[in-house]
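Q: Given next are the chains, with one letter for each unit.
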Amino acid sequence: MTGTSTITTFARSMSSRSALVQPSDEEHWLRLLDHPGPRGVTVRGAGAGYSDAALNSGGTIATTHGNHRIRAWDDRAGVVDVDAGLSVADLCAFTVPRGWLLPVVPGTGRVTIGGALAADVHGKNHPRRGSLAQHVVGARLLTPGAGVLQIGPDRESDVFWATAGGLGLTGVVLATQLRLARISTSWLATEEHTCADLDDVLATMRACEPSHEYVVAWLDGLATGAATGRGVVSTAVHLTADELPASLIGRPLAFRSAGPSAPLPAGPRLIRTPVMRAANAARFAAARRARGVRLKGITAALHPLDATLDWTAAYGRRGLIQYQFSVPDGQEQVLEAALVALSAARCWPTLAVLKRLGDAAPGPLSFPSPGWTLALDLPTAAATAAASVLDRLDDLVLAAGGRVYLVKDSRLRSCMVPAMYPRLDEWRRLRNALDPSGVLTSDLDRRLDLSGRHGGDRQC
Amino acid sequence: MLNSLGHPDTLLLVGGTSEIAASIAATMARRRPLHVVLAARPSSRRSAAANVLTGLGASVEVVDFDATDIPRALEDLRSLLARTEIDVAVVAQGRLPRQSDLENDPVLAVETCTINYTAAVAVGLLLARQMREQGHGVIVALSSLAAIRPRRANFVYGSSKAGLDAFYTGLRDQLRGSGVRVLVVRPGFVHSRMTRGLKPAPLAVTPQDVADAVVAAVPTGNGTVWVPRAARPLMLLVRTMPGPVFRRVGL
Ligand SMILES: Cc1cc2nc3c(=O)[nH]c(=O)nc-3n(C[C@H](O)[C@H](O)[C@H](O)COP(=O)(O)OP(=O)(O)OC[C@H]3O[C@@H](n4cnc5c(N)ncnc54)[C@H](O)[C@@H]3O)c2cc1C
Ligand SMILES: NC(=O)c1ccc[n+]([C@@H]2O[C@H](COP(=O)([O-])OP(=O)(O)OC[C@H]3O[C@@H](n4cnc5c(N)ncnc54)[C@H](OP(=O)(O)O)[C@@H]3O)[C@@H](O)[C@H]2O)c1
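Each protein sequence line maps, in turn, to chains X and L. Residues 0 to 459 (numbering that gives the first Met the number 0) make up the first sequence, in order. Residues 0 to 250 (numbering that gives the first Met the number 0) make up the second sequence, in order.
Keep in mind the hints are simulated off the structure, nothing from the lab. Accuracy of the hints is not assured; some may be wrong.
Only part of the chain L face toward chain X is listed, based on derived beta-carbon distances under 7 Å [stated by the list, open to error]:
#, residue
1, Asn-2
2, Ser-3
3, Pro-32
4, Pro-105
5, Ala-108
6, Glu-132
7, His-135
Taking CB as the label site, the calculated pair distances span [stated by the list, open to error]:
#, chain 1, residue 1, chain 2, residue 2, range
8, L, Asp-65, X, Glu-335, 51 to 59 Å
9, L, Ser-46, X, Gly-36, 50 to 58 Å
10, L, Leu-235, X, Pro-273, 30 to 38 Å
11, L, Thr-219, X, Ala-240, 37 to 45 Å
12, X, Arg-30, L, Pro-96, 58 to 66 Å
13, X, Val-339, L, Arg-192, 29 to 37 Å
14, X, Thr-272, L, Leu-235, 30 to 38 Å
15, L, Ala-229, X, Thr-272, 23 to 31 Å
16, L, Thr-219, X, Glu-335, 53 to 61 Å
17, L, Ala-229, X, Gly-36, 44 to 52 Å
Just so you know, even glycine gets a beta-carbon here, dropped at the ideal spot from N, CA and C.
Chain X with its partners taken away, still in its complex shape (with noise of 0.2 Å):
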């Protein structure tokens, strides 16, 4: 191909050569998908993502840069249009100040409206909110085979929700309108609580349910033994005017984003065990003195890895990938069985998140279901080391009537996708009767088949 370049994921596993597009309006975008070439095309929005859903090696990337309008405002009914390609905290350096927050917000501000809706994401309040589907009112969706849509709960409802978490592949999604939340300060008070294992952590989360609007558990992946999946419990509520300490009355709804992040080169890899093993304790110790609430802006609370430069660039050149599941309440052990099993490997995560998640959104390949969801960050040699262990966690998140978030994923075989997804045939005859010549194709389609058109009717 010709003016092509390398386009390579967030995390840095994966890359591919494509040519890049940005097309500034919808006619472009129509041209575009009347004459695809012969790998398609792949829309993006931010691309912060860890697996390829936003790549297509050999094909076009077309990106929502050029798009990142907010196009109507209604302030008494909080709803926004906005351009697909507008990012989180663009839009809530625009609500934020006016009183109004995004009731969904993915743990980076840095992703697209566009990116968000095709995944649809989830936050640290599923269970309260649900997933960001759940707070579109409508979108304008540009389809290969049916032109162009508006779509949304009660508008074709069956396309919406096939789009919500269609990673890409039903259509391009141009704008959305959103249905935003009241907030009367832009602040949270936040506290942490330490727990001595993964039993204290799931009783604590279950605990502040009821009562926090935010509640996450960031895990000590090289804990073992006794004290595996040890671990701080973060909550979050958003104050009231009338709780705002003095210090804070002057500016109720100040509003702060972290501003834009240039890629790093990858450096030496810095993310290494003993590193990993003193970060973990200082963190936990941290906690443990930290006693009682702390005020915190949107950013600090919701998106705080954004505040920290590139940190990808820490893993080296090969980069990381994450690994999430969910799994139903009572099948807690395969959360613990996770964690045993990679440590025994010694493919030790990183990072390992876990949050709660609530009653699923009706959209065939939305990844919440009640229960919950580990995100577990692994350094991709050591991934490649304990490959079958993360095929055999597979078997037991399956087994335990849980799934893999496919937007997160970079490994998953192909087989395993029908099974963790029972309505993934639903989903390929309304993908197909809107792409019916297959144009919108991802490195992810390719490799999970999908759309079940490119011939992956894998055996596990």
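Please build the complex by placing chain L with the ligands on the supplied structure of chain X, with the hints as guidance.
A: Same frame as chain X, now just chain L with the ligands:
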């Protein structure tokens, strides 16, 4: 696609009945579901190789491939590549007739060079074009320590392997930045059908040793794979040895 941990979904074996190639396929298929294409001359050996892989859970497809009929072989491979995206391709066909037979039979010598070298060039160019278009892929070429320095005892075979080695080394450079990588594998003496009845050379290895080295190099490698690794410093020595010394050692 290779996943982030370097596991392919599809594997093409050119010279699909080769024991070394079969070991590579079996090693990969034992780990994970795999689609394997065996490009080989039709024979009971080919059916047996397919059965072994099916038994390991792989899905197997066979394609006719006779390295002495290059136009035909290219046509069949071209239509395969048009319908199946290949993640990793192993170029393994080869013959090792006795040196004395080769010296006495120029037709046999030419046929050996055709199989070992000329056909490998044709296949390499075809794979490179297809993989460049798909933006990814790994080509594994089975060279040999015999390619490093011609020896009195096997210089006809050695010259064909030297040609293959030079070609794939150049191809690797040509493909740099395209997303396609080339591994030039240089095994020493391998206990396989090809060497049955021959006296093992020092540093002899098994097909499984070669397979393990190749499987370990597939995720990120883009260069030369020596099997065993100790062959590398030794060959540096062999390459720089003055001629009279080299002949006296008689490696
Ligand atoms: C540090 C970090 C923390 C995270 N925390 C969470 C979390 O808490 N919860 C959670 O659910 N996820 C989380 N994620 C995952 C992230 O939210 C998703 O990967 C999200 O899809 C990224 O959005 P993006 O704009 O970067 O999309 P990209 O990575 O560019 O694309 C992701 C997918 O969306 C599709 N897509 C993008 N734009 C469009 C569009 N306009 N129309 C149609 N399809 C489109 C792409 O084709 C691709 O399939 C986290 C990721 C990171 C890096
Ligand atoms: N064994 C060693 O010591 C050694 C050392 C270094 C490098 N190598 C190289 O490794 C590769 C594999 O060798 P191996 O050890 O696995 O030996 P092998 O089992 O004998 O494999 C050689 C293969 O080449 C195939 N072949 C021969 N002539 C062919 C033709 N005209 N058309 C198509 N295929 C043909 C054979 O297929 P059929 O079944 O159709 O005959 C056979 O499967 C060869 O390139 C060899 O040169 C071997």
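Q: Against each hint, give a clear statement of whether it holds in the structure.
A: Outcome of the hint check:
1. Asn-2: 4 Å, holds
2. Ser-3: 4 Å, holds
3. Pro-32: 4 Å, holds
4. Pro-105: It is violated, given that the least Cβ distance between Pro-105 (chain L) and chain X is near 44 Å, above 7 Å.
5. Ala-108: It is violated, given that the least Cβ distance between Ala-108 (chain L) and chain X is near 40 Å, above 7 Å.
6. Glu-132: With Cβ-Cβ at 6 Å, under 7 Å, it holds.
7. His-135: 4 Å, holds
8. L:Asp-65 / X:Glu-335: 51 to 59 Å: Holds: the Cβ-Cβ distance is about 56 Å, inside 51 to 59 Å.
9. L:Ser-46 / X:Gly-36: 50 to 58 Å: 39 Å, violated
10. L:Leu-235 / X:Pro-273: 30 to 38 Å: 36 Å, holds
11. L:Thr-219 / X:Ala-240: 37 to 45 Å: Given range 37 to 45 Å: violated, Cβ gap about 55 Å.
12. X:Arg-30 / L:Pro-96: 58 to 66 Å: 59 Å, holds
13. X:Val-339 / L:Arg-192: 29 to 37 Å: For Arg-192 (chain L) against Val-339 (chain X), whose Cβ atoms are near 44 Å apart, the range 29 to 37 Å is violated.
14. X:Thr-272 / L:Leu-235: 30 to 38 Å: 35 Å, holds
15. L:Ala-229 / X:Thr-272: 23 to 31 Å: 30 Å, holds
16. L:Thr-219 / X:Glu-335: 53 to 61 Å: Violated, since Thr-219 (chain L) and Glu-335 (chain X) (Cβ atoms, about 32 Å apart) do not stay within the stated range.
17. L:Ala-229 / X:Gly-36: 44 to 52 Å: Distance hint for Ala-229 (chain L), Gly-36 (chain X) holds at roughly 47 Å.
The structure fails to meet hints 4, 5, 9, 11, 13 and 16 from the earlier list, while all remaining hints are met.
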